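2 protein chains.
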Amino acid sequence: MSWQDKLRKVEPYVAGEQPKIKNLIKLNTNENPYSPGIKVEEAIQHFQSSKLSLYPNPDADDLKHAIASYHHLKDNQVFIGNGSDEVLALTFLTCFNGQEPILFPDITYSFYPVYCDLFGISFQSQPLDEDFCIVKEDYYKPNSGIIFPNPNAPTGCLVSLEFIEDILKHNPESVVVIDEAYIDFGGQSAVSLLKDYPQLLIIQTFSKFRSLAGIRLGVALGNEELISKLYDVKNSFNSYPIDSLAQVIGKASMDDSDYIKENAQKIIKTREWVKRELKALDFEMPDSYANFVFAKHPRYDGEKLFQELRNRGVLVRHFDKPRISQYLRITIGTQSQMEKLIEEIKLILKGS
Amino acid sequence: MSWQDKLRKVEPYVAGEQPKIKNLIKLNTNENPYSPGIKVEEAIQHFQSSKLSLYPNPDADDLKHAIASYHHLKDNQVFIGNGSDEVLALTFLTCFNGQEPILFPDITYSFYPVYCDLFGISFQSQPLDEDFCIVKEDYYKPNSGIIFPNPNAPTGCLVSLEFIEDILKHNPESVVVIDEAYIDFGGQSAVSLLKDYPQLLIIQTFSKFRSLAGIRLGVALGNEELISKLYDVKNSFNSYPIDSLAQVIGKASMDDSDYIKENAQKIIKTREWVKRELKALDFEMPDSYANFVFAKHPRYDGEKLFQELRNRGVLVRHFDKPRISQYLRITIGTQSQMEKLIEEIKLILKGS
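Those sequence lines, one after another, are chains L and E.
So the first sequence is residues 1 to 352, counted in my numbering.
So the second sequence is residues 1 to 352, counted in my numbering.
In case anyone wonders, no lab produced these hints; they're calculated from the structure.
Treat the numbers as computed from the prediction; the structure is a model and nothing was measured.
Just so you know, not all the hints are guaranteed correct.
No copy labels: a pair is met if it fits in one copy or bridges any two.
The list that follows gives simulated cross-link-like pairs (lysine-lysine, DSS-like), each with its CA atoms no further than 30 Å apart [what the hints assert, rightly or not]:
1) K350 / K136
2) K169 / K266
3) K22 / K340
4) K51 / K340
5) K346 / K275
6) K296 / K195
7) K141 / K321
8) K266 / K51
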């Protein structure tokens, strides 16, 4: 057996590109077009670099307390990781160790099957219906865990708390993970269900709502026992995943939540405008509650439209995958960025 | 099967404490007593917080290039992770997938068996000899991988490049990992062996030599094939582990290497002074080449000495483990911090 034979072979997740093209309108990775805010700016300016010679607080206690207060939870109901991708990875490793497969939608965040491959977790994907809705009865069968985003990605479809509660009631013996990366753009968080369902785990991120994709902060909210097991696995993987600067930046963002909410309102307003404009151009799309829309044109090929837009300096996301290859996922940028997008789409559809 | 039964049960690694006691002389986690330098300070001051709304460069390309240049390697021979603990975790997950156990010393970085437990990797620990030296012949048997720090932790003992080369020659079929967290305090890096041994992987950190424990940067150096497999696993775990600020801070540190080397020379000088002082007080210790010493007194209990020092505001590290429970691991701080330490030890030994 060679040393190469002892290496793990996996098919990694492929993130949206981060191109270095000037003047590009970047609508491909669901970043927030607004800045993280003045309090974050000040936190960086006031940070003493000499502190960096010391290890960070291992569990980011001050930030954890701020997050707990925001959600009216106890501090030990909050887990913080290096971006919600790390939180998800550690959740898969911690929570999904039963004999049955875990369940998630066929069209969803494409990192889920990658984690399964990495950690040897079996899964059964459950097809969304024709309107891209999750069919809750598909999750009423033996499983080792359930995970889906709400709103779902890349469709933007939202489910209600009653819907989630039905799934929880049918699954008292599995951890049910609701991935709320996009919840703050019009959805209702499942945090209020935590008190009644100890097997519920909610994952959120600072990347979208809080304009902090660059600083890598993700959060899990759950009951103390579940959160403590997540910390045990985290402390078996990396003692200090959150650096000292990220901790004060995250705290500053929590202290600036009113400003952050105003930005989300602007994004929602622009999103609804984009929906109307696209519909007027005959686009079809599920009703998105996220900071993106997921749209296809009945008479214009999805990949071709992606390429045409890219050639004109507008980058959106196209997934070459079954059922969704005709769709584009378009991040909601500023109003003026989206006006430019609509303008370019009109020109493309006109063939000019 | 309850949801609790599906949770992973592990015994996490316990890092040295990060107490919030004022005026404490903190010599317990091998932090560098000098600041990370003016270039790091400037990088933070000049950072535009608005950039944080975008995802970071996924593979920290500029920082990667700076590290490659420093070591005279190609960019694709460098892997960067969120602290060397994450690099180690991903290395265990990527490289140690054979049938035989992996091998490491019985007295070594205590995170290694924790990774094995987390990922279900079997291991056989190999006893150090009476002088705490690694016995290289112990590593001449079938295995799925070998790992040890050089200098070893918490002993500080260094092995030569010839020693490492002998182990590599006897192990063409396993990845051999040299954990060089402390190499820059007087040892010789194995980087020069990379061109001849494709199965060699070297792990380094920004936490000790570069005074950046607070920013979480770790590095693996190896041949392109091995490094590319590490990236595949990283990209199956977390697309963006290094935040945008950490990338520019790491780059600034690489640009300030002369200053960093001067600090290392000061630490080495202080370490040699500490060795002489401790020996004059009858302490016994292996000859450390790291930024710590590992010492025991023949007539004073290790744990008691740890407690006495803590009561006097000097925090060192004590491991309640077989073979080493009489020893203290003492980080080398500034000369004046170490003078205070010696003064307190003298008072304790005198019983006053």
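Tested hints:
1. In this assembly of identical chains, the alpha carbons of K350 and K136 never lie at most 30 Å apart, being 41 Å within a copy and 74 Å across copies at closest.
2. Taking the shortest Cα distances, K169 and K266 never come within 30 Å of each other, neither inside one copy (36 Å) nor across copies (63 Å).
3. In this assembly of identical chains, the alpha carbons of K22 and K340 lie at most 30 Å apart only when taken from the same copy (16 Å versus 56 Å across copies).
4. Taking CA atoms no more than 30 Å apart as the test, K51 paired with K340 passes between copies only; the shortest distance there is 22 Å, against 44 Å inside one copy.
5. Taking the closest pair of Cα atoms, K346 and K275 come within 30 Å of each other only inside a single copy of the chain (14 Å); across copies the shortest separation is 76 Å, beyond that limit.
6. In the homo-oligomer, the alpha carbons of K296 and K195 never lie at most 30 Å apart, since the shortest distance is 40 Å inside one protomer and 52 Å across protomers.
7. For the identical chains of this complex, K141 and K321 are intra-copy neighbours only, at 27 Å inside a copy versus 47 Å across copies, given an alpha-carbon limit of 30 Å.
8. Taking CA atoms no more than 30 Å apart as the test, K266 paired with K51 passes between copies only; the shortest distance there is 20 Å, against 37 Å inside one copy.
Checked against the numbered hints above, the structure violates hints 1, 2 and 6; every other hint is satisfied.
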